[in-house]
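Asker: Residue numbers (the UniProt record's numbering), protein chains in the order written: chain A, 1 to 243; chain B, 1 to 218; chain C, 1 to 205.
Warning: the hint list may mix true and false statements.
Below, simulated BS3-like cross-link-like pairs (lysine-lysine); rule was C-alpha separation at most 30 Å, straight line [as the list claims (entries may be wrong)]:
#1 153(B) with 10(B)
#2 10(B) with 122(C)
#3 122(C) with 153(B)
Pulled from the structure, derived: some chain C residues nowhere near chain B, Cβ distances all over 10 Å [as the list claims (entries may be wrong)]:
#4 49
#5 66
#6 78
#7 82
#8 109
If you are wondering where the hints come from, they were derived from the structure by calculation, not from laboratory data.
Every residue, glycine too, gets a C-beta built ideally from N, C-alpha and C.
What follows is each chain in one-letter form.
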Amino acid sequence: MASIWQYANPRKFIDTTDRFLPWLSALALVSLVVGLVWGFFFTPEDYRQGSTVKIIYLHVPSALMAINAWLMMLVASLVWIVRRHHVSALAARAAAPIGATMTVIALVTGAIWGQPMWGTWWAWDPRLTSFLILFLFYLGYMALWAAIENDDTAADLTSVLCLVGSVFALLSRYAVNFWNQGLHQGASLSLDKEENVADVFYHPLLVSIAGFILLFVALVFLRTQTEIRARRMRALLARERLQ
Amino acid sequence: MIALLIRDMKLGTRAGGGFGLGLAFFLIVVVLVPFGVGPETGRLALIAPGILWLGALLACLLSLDRIFALDWEDGSLDLLATSPLPMEAAVSVKALAHWLTTGLPLVLAAPVLGVLLSLPAAGYAPLILSLALGTPALSVIGTFGAALTVGLKRGGLLLSLLVLPLYVPTLIFGAEMARRGAEGMGNTTPMLMLAGITCGTIALLPFASAAVLRVNLR
Amino acid sequence: MELVVTDLAVARGGVPVLEGVSFTVAGGEALVLRGPNGIGKTTLLRTVAGLQPPLAGRVGLDREAMAYAGHSDGIKATLSVRENLTFWADVFATDRVPAALAAFELEGLADRHAGNLSAGQKRRLGLARMVVTGRPVWVLDEPTVSLDVDAVAMFAGAVRAHLAGGGMALLATHIELGLEEARVLNLAPFRARAPEPDDFDGAFL
Numbered sequence: 001m002a003s004i005w006q007y008a009n010p011r012k013f014i015d016t017t018d019r020f021l022p023w024l025s026a027l028a029l030v031s032l033v034v035g036l037v038w039g040f041f042f043t044p045e046d047y048r049q050g051s052t053v054k055i056i057y058l059h060v061p062s063a064l065m066a067i068n069a070w071l072m073m074l075v076a077s078l079v080w081i082v083r084r085h086h087v088s089a090l091a092a093r094a095a096a097p098i099g100a101t102m103t104v105i106a107l108v109t110g111a112i113w114g115q116p117m118w119g120t121w122w123a124w125d126p127r128l129t130s131f132l133i134l135f136l137f138y139l140g141y142m143a144l145w146a147a148i149e150n151d152d153t154a155a156d157l158t159s160v161l162c163l164v165g166s167v168f169a170l171l172s173r174y175a176v177n178f179w180n181q182g183l184h185q186g187a188s189l190s191l192d193k194e195e196n197v198a199d200v201f202y203h204p205l206l207v208s209i210a211g212f213i214l215l216f217v218a219l220v221f222l223r224t225q226t227e228i229r230a231r232r233m234r235a236l237l238a239r240e241r242l243q
Numbered sequence: 001m002i003a004l005l006i007r008d009m010k011l012g013t014r015a016g017g018g019f020g021l022g023l024a025f026f027l028i029v030v031v032l033v034p035f036g037v038g039p040e041t042g043r044l045a046l047i048a049p050g051i052l053w054l055g056a057l058l059a060c061l062l063s064l065d066r067i068f069a070l071d072w073e074d075g076s077l078d079l080l081a082t083s084p085l086p087m088e089a090a091v092s093v094k095a096l097a098h099w100l101t102t103g104l105p106l107v108l109a110a111p112v113l114g115v116l117l118s119l120p121a122a123g124y125a126p127l128i129l130s131l132a133l134g135t136p137a138l139s140v141i142g143t144f145g146a147a148l149t150v151g152l153k154r155g156g157l158l159l160s161l162l163v164l165p166l167y168v169p170t171l172i173f174g175a176e177m178a179r180r181g182a183e184g185m186g187n188t189t190p191m192l193m194l195a196g197i198t199c200g201t202i203a204l205l206p207f208a209s210a211a212v213l214r215v216n217l218r
Numbered sequence: 001m002e003l004v005v006t007d008l009a010v011a012r013g014g015v016p017v018l019e020g021v022s023f024t025v026a027g028g029e030a031l032v033l034r035g036p037n038g039i040g041k042t043t044l045l046r047t048v049a050g051l052q053p054p055l056a057g058r059v060g061l062d063r064e065a066m067a068y069a070g071h072s073d074g075i076k077a078t079l080s081v082r083e084n085l086t087f088w089a090d091v092f093a094t095d096r097v098p099a100a101l102a103a104f105e106l107e108g109l110a111d112r113h114a115g116n117l118s119a120g121q122k123r124r125l126g127l128a129r130m131v132v133t134g135r136p137v138w139v140l141d142e143p144t145v146s147l148d149v150d151a152v153a154m155f156a157g158a159v160r161a162h163l164a165g166g167g168m169a170l171l172a173t174h175i176e177l178g179l180e181e182a183r184v185l186n187l188a189p190f191r192a193r194a195p196e197p198d199d200f201d202g203a204f205l
């Protein structure tokens, strides 16, 4: 019986993802183009916010992926700690720079959106602050990976950091909320239909979120492949030196 | 365990142990702040709790890399790992020794430095209490960071990068508790949160630190 | 009590260096490991001492039975010789400081700061710690570095006394210790072979 763990074999992972990658990339591209073009050019302007509201099609998906990338790293780290599949650790490593980039995109688009809305590029609003802290967590995580030579040691240490960091990130979120109630509007999306933004904005938003998710998956696959090959190269070089 | 505590305290307080460096740093930060923001008493009083908390946090950070680095260099850490003492206990004792030689003096020095920053009279009790409650968490979290970076050649900067984000909740609740106290507002909520963070980190983080240390000793 | 190591494989820096290492050290016996630099003597000793997990195989005795002395002595320069040893005696819950001082003729230096000792004296202090631990298996990595001829004899005497009490010793060394009774194990035949180049997952290890 095929189990999901067979993909923990690096070669199997590369073979499988190679088959999916072109389709994933194409699908990501299509949904991004459709979502963004639809959102930017074929939706009415908001009666209060005017055309600035359209940055939502970049801001919300990137913010969503910034958090989900960390969650994915958390799951991958747990898998590494429990089952010690190398691909899992490398996938966590591969996802970190993507998550960090998403966080930066969310912060920058937020600033651009905030300027006309709140009259300031930056405010120490809980959500903004939390994202800045999340960015610091990404930086620390990546720096730890980069600082350690032995790959297994690095995987172990970063996994524990990811676990501990997740707890503290959550704590920071509540601490920041307590510290300052903010300017930021409520969530743009929720499962409760009543609270959602109007349908005209909602549908293109969903498409561009799908695009961001597909883009993220494609990038993680690609970067994990690269990490696997780099790792294998280091292992072969180390062996060469020993002989 | 007590032997390790006593040894670490001895090493910390004897010549070259770096005892007092953290305190001196704390003093200098507090002295420099009025140069940066101006000498008006009102303004200083407003920011005093925050500055004192930030100064204590940075002074604590400064001494973190000594927790394991010296024992790592001279091989004591290997020997400790093979001793009957569980690694979790060793880590906890090291954190306690760090707090006793760094955190506790900062707590005791804070009121004196509060005078320099014209902290309002109502602010002293909450400030001392918040530091006494919060600095143990700083030591325990810092011990985790030190355990993560123990084998690295230039781990100091990385240590700061790893530990500072972890310090955010402690700093927020600690400074908030001191600030609200100084302004005469109720500060029970931040106090409870701060105590919760300290208890939680003391109870759980040594396991992570010990696990990480074992990995680094391999 | 005896130390049985079966089919042990060890890795350094993620690369396997030794495999299939098996040996037995009975009570009162010493085993000297030999082999060229870089073959993995230190890695093997650290694995036996329980500082790192083996890739494969097992070490028959619990790490609670081991006392390990590596390249560095774990000496605190600002503590006196006696304080250094007393600390380890407290950690290992023994009262063998006087015995340890006597075994390595450190009584005259007992109240000296360890920072003022010569390299050889420091090494003696580091080895005296083994006596303090009171553990049955001594795992010693290059114990005689920076020791002079007299001190080597002193060390051999201490090991012999330990063996006479039913203890065991596992040593890696290049020089003759004057321990004629010690068996020698050459590690060269146990060098790890490269795995099949086709084994993708294995190439990670």
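Asker: So, for every hint listed, does it hold in this structure?
Answerer: These are the hints, each one checked on the structure:
A distance of roughly 26 Å separates the Cα atoms of residue 153(B) and residue 10(B); the hinted pair therefore holds under the 30 Å criterion. Our distance criterion of 30 Å between C-alpha atoms is met by residue 10(B) and residue 122(C), whose separation comes to about 20 Å. The hinted pair formed by residue 122(C) and residue 153(B) meets the criterion: a straight-line CA distance of about 25 Å does not exceed 30 Å. The claim that residue 49(C) is not at the interface with chain B is violated, since a C-beta of that chain comes within 10 Å of its own (minimum 6 Å).
The non-interface label for residue 66(C) is inconsistent with chain B: the shortest C-beta to C-beta separation is roughly 6 Å, within 10 Å. At roughly 4 Å from the closest C-beta of chain B, the C-beta of residue 78(C) falls inside 10 Å, breaking its exclusion from the interface. With 10 Å as the threshold on Cβ separation, the claim that residue 82(C) sits away from chain B holds: the shortest Cβ distance comes to roughly 13 Å. Look at residue 109(C): its CB is around 18 Å from the nearest CB on chain B, clear of 10 Å, so calling it non-interface holds up.
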